[in-house]
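So you can see what is in the structure, the chains are spelled out below.
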Amino acid sequence: MPRYGYITLLTDFGARDAYVGAVKGAILSVNPEADIMDVSHEIPPHDIREAAFTLLGYSRFYPFRTTHMVIVDPGVGTARKDLLVVTENYYYLAPDNGVLSFVLERERIEAIVSLEETHFFRSEEGRTSVCPTFHARDVFAPVAGWLSKGSKSPDDYGPRLDNCVRFEIPKPRALGDKLLKGQVLHVDRFGNAITNVTRAQFDEMTARLKTSPKIVASGKEITELAPAYGAAKSPLFFLFGGHDFLEIAAREQSAAAALGLAPGKDVGVVWG
Amino acid sequence: MPRYGYITLLTDFGARDAYVGAVKGAILSVNPEADIMDVSHEIPPHDIREAAFTLLGYSRFYPFRTTHMVIVDPGVGTARKDLLVVTENYYYLAPDNGVLSFVLERERIEAIVSLEETHFFRSEEGRTSVCPTFHARDVFAPVAGWLSKGSKSPDDYGPRLDNCVRFEIPKPRALGDKLLKGQVLHVDRFGNAITNVTRAQFDEMTARLKTSPKIVASGKEITELAPAYGAAKSPLFFLFGGHDFLEIAAREQSAAAALGLAPGKDVGVVWG
Amino acid sequence: MPRYGYITLLTDFGARDAYVGAVKGAILSVNPEADIMDVSHEIPPHDIREAAFTLLGYSRFYPFRTTHMVIVDPGVGTARKDLLVVTENYYYLAPDNGVLSFVLERERIEAIVSLEETHFFRSEEGRTSVCPTFHARDVFAPVAGWLSKGSKSPDDYGPRLDNCVRFEIPKPRALGDKLLKGQVLHVDRFGNAITNVTRAQFDEMTARLKTSPKIVASGKEITELAPAYGAAKSPLFFLFGGHDFLEIAAREQSAAAALGLAPGKDVGVVWG
Chain V
1 MPRYGYITLL TDFGARDAYV GAVKGAILSV NPEADIMDVS HEIPPHDIRE AAFTLLGYSR
61 FYPFRTTHMV IVDPGVGTAR KDLLVVTENY YYLAPDNGVL SFVLERERIE AIVSLEETHF
121 FRSEEGRTSV CPTFHARDVF APVAGWLSKG SKSPDDYGPR LDNCVRFEIP KPRALGDKLL
181 KGQVLHVDRF GNAITNVTRA QFDEMTARLK TSPKIVASGK EITELAPAYG AAKSPLFFLF
241 GGHDFLEIAA REQSAAAALG LAPGKDVGVV WG
Chain E
1001 MPRYGYITLL TDFGARDAYV GAVKGAILSV NPEADIMDVS HEIPPHDIRE AAFTLLGYSR
1061 FYPFRTTHMV IVDPGVGTAR KDLLVVTENY YYLAPDNGVL SFVLERERIE AIVSLEETHF
1121 FRSEEGRTSV CPTFHARDVF APVAGWLSKG SKSPDDYGPR LDNCVRFEIP KPRALGDKLL
1181 KGQVLHVDRF GNAITNVTRA QFDEMTARLK TSPKIVASGK EITELAPAYG AAKSPLFFLF
1241 GGHDFLEIAA REQSAAAALG LAPGKDVGVV WG
Chain Z
2001 MPRYGYITLL TDFGARDAYV GAVKGAILSV NPEADIMDVS HEIPPHDIRE AAFTLLGYSR
2061 FYPFRTTHMV IVDPGVGTAR KDLLVVTENY YYLAPDNGVL SFVLERERIE AIVSLEETHF
2121 FRSEEGRTSV CPTFHARDVF APVAGWLSKG SKSPDDYGPR LDNCVRFEIP KPRALGDKLL
2181 KGQVLHVDRF GNAITNVTRA QFDEMTARLK TSPKIVASGK EITELAPAYG AAKSPLFFLF
2241 GGHDFLEIAA REQSAAAALG LAPGKDVGVV WG
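Sequence order for the protein chains is V, E and Z. The letter at position 149 of the first sequence is residue 149 when you use my numbering, and the numbering goes up by one with no holes. The letter at position 251 of the second sequence is residue 1251 when you use my numbering, and the numbering goes up by one with no holes. The letter at position 22 of the third sequence is residue 2022 when you use my numbering, and the numbering goes up by one with no holes.
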């Protein structure tokens, strides 16, 4: 039987305001047994794409039926809906703005529910009390509390929707037989530039062309495929890291800084 | 029956030292069942007013008898007392330096206790062991552990005091019939400038004067009252956010940066 | 009977990536009852010495048999081993790179185990699946989950080693009868410069020489020994803080900035 009590939090609230604390209290007020896990509150303000990619990096490592709450929500209080998306594995609570785009590419959707049953929202003195600028505290947190009790059906929270907002995930393009044109999705704390080239694509091309590729980024050629950061011999190298995407890295420094890489920048993989 | 195990932490310890870790360990050593919630450790060093305002933003969303620990304590080790303040709702553990000023304006005080019973403090090899520079670890954390067990009476921890240090909360002043002069209390991560003008004051004036006000800040006039950040039409606007105070905001940028606003800066609200 | 469920996390992963979230999920997937405590994820990238000193500042305040996980691991995926070190008090999980040097000077080692039993590592579809760049998630986190269940013996995780990597802890040197030459180990968030001079050494010299010493740092003399930060009378002073080492501090500002102090800098203590 699944344990429902885990709730992860990913937000752009920052570490120095009261917002994270208020959300945690609102969850615990509904479910005193909830286990709340901070992932990050340092998503750059309003950066939906960074949040979507970050979510991809941790959600699948959690137990079945964990509730993943993702609040990067510049449109809070407007017509955009508050969602519960039930996949084969998890509950996702998020605004309908594309922040689930990456994970929904990997997981089968079982239900998309628009959170409209105000009975589950924050109430004060017996009346629903939702601040239009803070659905994280007044809508998502209490619903997370209820979900983490495991006793309600997703349909109790509101009507089903056929779709939710999903942005197009940038895919590497094949240019001719021997070149993949990918792009940087994310630069991590260490300055590793993580691209959208998957290990499967890379391995398939390498097997077919029977040769090792080089990477071309910012006009520089990078030729070493290292097994791990500390095993590299060249100042610049590439590898497959924890995200399972091709990464460009540098020996104990930031590859992104050295090469001027940032999300959206093109990267070429050239075989032979 | 209340559950006593929740302890929230707000400090100026920062995220990169051992101090937060030591405090958590000291709590768990007393109460293995304690549930510790990080709110923030990024209060600017020694900034009692920022901590006091931040506390106001989350404490009331927690379950009854949560222990809120607030450690911004430039006077640690001096004559200032270590307090347990019991209100109608919560236990507050804090140095006696004004950091509870905002919440004590809203909540009825049931007892102010000076933590003096050394029996509850950290001990090492059977003897009380309190570092004069780290009461958070050696006094507040073990007392939080004991409080969160729910088995002691507040009076067990020391003698009652009649008062505690409270700084004056700046209130908006009415200048004539149609002008409120408020001030900025806090700038949040998004650059929203949160003032001390309450929704009640604002609504009362607006109803009486049958007109919408404009805000004057740093010589600029701001005329749009938006329902939510993403619903605004003007580059600069105002609204009532999660704190329930009047905020000055800007469309997907920092209003504080755009207008040069910081805590203490005057803001006018002008009707008609 | 000890409670085994506590796991503390100290890493250089930073606060804005998915890495911390993935590690927490991987722990909970093995032990749903684990209590995970964030200490810090802001150790400077690859800074083994900072991590080693930070660990010393919190580990001993935790309950018996807490699992302390310390991941600052530039050599991940190379020949360096993944360790479980069992001391008289705790389980330490860390790469074999010296990051345990400070705590192992204080605690008796009961066993050093090389984590090699792949049965305990991350598996996917029934097969061991370890990313060479992310042992924190795929080796250390699942082993922490198992350890925190308390049902296995340390020897179940792999073969014993005779030694682990330990860097030399810099000790103060006596130059003549009346001078100790120490060095700065760490600068904390408040700018306090924490040296390697212990309270015991300081007290012994002071008792023997029947006089108070002065500190010489960056060519400046500091003469006040304060009982606590807020009790100091001089702009610059020294004291014994939460780490129980001699610290150089400044009144409500950064002593390290004022004096140009950083880890490794020499500090003299001069008696008479």
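Since the hints were made in silico from the structure, they are not lab data. Here the structure is a predicted model, which means the values were calculated and not measured. Misleading hints may appear alongside valid ones.
[Unchecked claim] Result set (BS3-like, lysine-lysine): computed pairs, CA atoms no more than 27 Å apart in a straight line:
hint : chain 1 : residue 1 : chain 2 : residue 2
1    : V       : K233      : Z       : K2149
2    : V       : K149      : Z       : K2214
3    : E       : K1149     : Z       : K2081
4    : V       : K149      : E       : K1149
[To be verified] Derived coverage of chain Z by chain E (criterion: at least 3 residues anywhere in the stretch with Cβ under 8 Å from a Cβ of chain E; other residues may be distant):
hint : segment
5    : 2006-2019
6    : 2080-2093
7    : 2146-2152
8    : 2237-2251
[Unchecked claim] Far from chain V, some chain Z residues (derived; all Cβ distances over 12 Å):
hint : residue
9    : R2137
10   : L2179
11   : E2224
Glycine included, each C-beta is placed from N, C-alpha and C at the ideal position.
Given hint K2214(Z) paired with K149(V) - CA-CA distance at most 27 Å: violated, 61 Å
Coverage claim, chain E over the segment 2237-2251 of chain Z, checked by counting residues with Cβ within 8 Å (three needed): holds (count 6)
Given coverage of the segment 2080-2093 of chain Z by chain E, tested with a Cβ cutoff of 8 Å and a minimum of 3 residues: violated (count 0)
K149(V) paired with K1149(E) [C-alpha distance capped at 27 Å]: Answer holds: K149(V) to K1149(E) is near 24 Å, not above 27 Å.
Check of the segment 2146-2152 of chain Z against chain E for coverage (Cβ-Cβ below 8 Å, three residues minimum): violated (count 0)
Hinted pair K1149(E) and K2081(Z), Cα distance within 27 Å: violated, 41 Å
Pairwise hint evaluation, K2149(Z) against K233(V), where the allowed Cα distance is 27 Å at most: violated, 40 Å
E2224(Z) and chain V, when compared Cβ to Cβ, separated by more than 12 Å: Non-interface label stands for E2224(Z): nearest chain V Cβ at 33 Å, farther than 12 Å.
Reported absence of L2179(Z) from the contact zone with chain V (all CB gaps over 12 Å): holds, 37 Å
Coverage criterion applied to the segment 2006-2019 of chain Z (partner chain E; beta-carbon cut 8 Å; 3 residues): This one holds; 4 residues, not fewer than the three required, reach chain E with a Cβ under 8 Å.
Non-interface claim for R2137(Z) versus chain V (Cβ beyond 12 Å): violated, 6 Å
Hints 1, 2, 3, 6, 7 and 9 from the list above are not met by this structure, while the remaining hints are.
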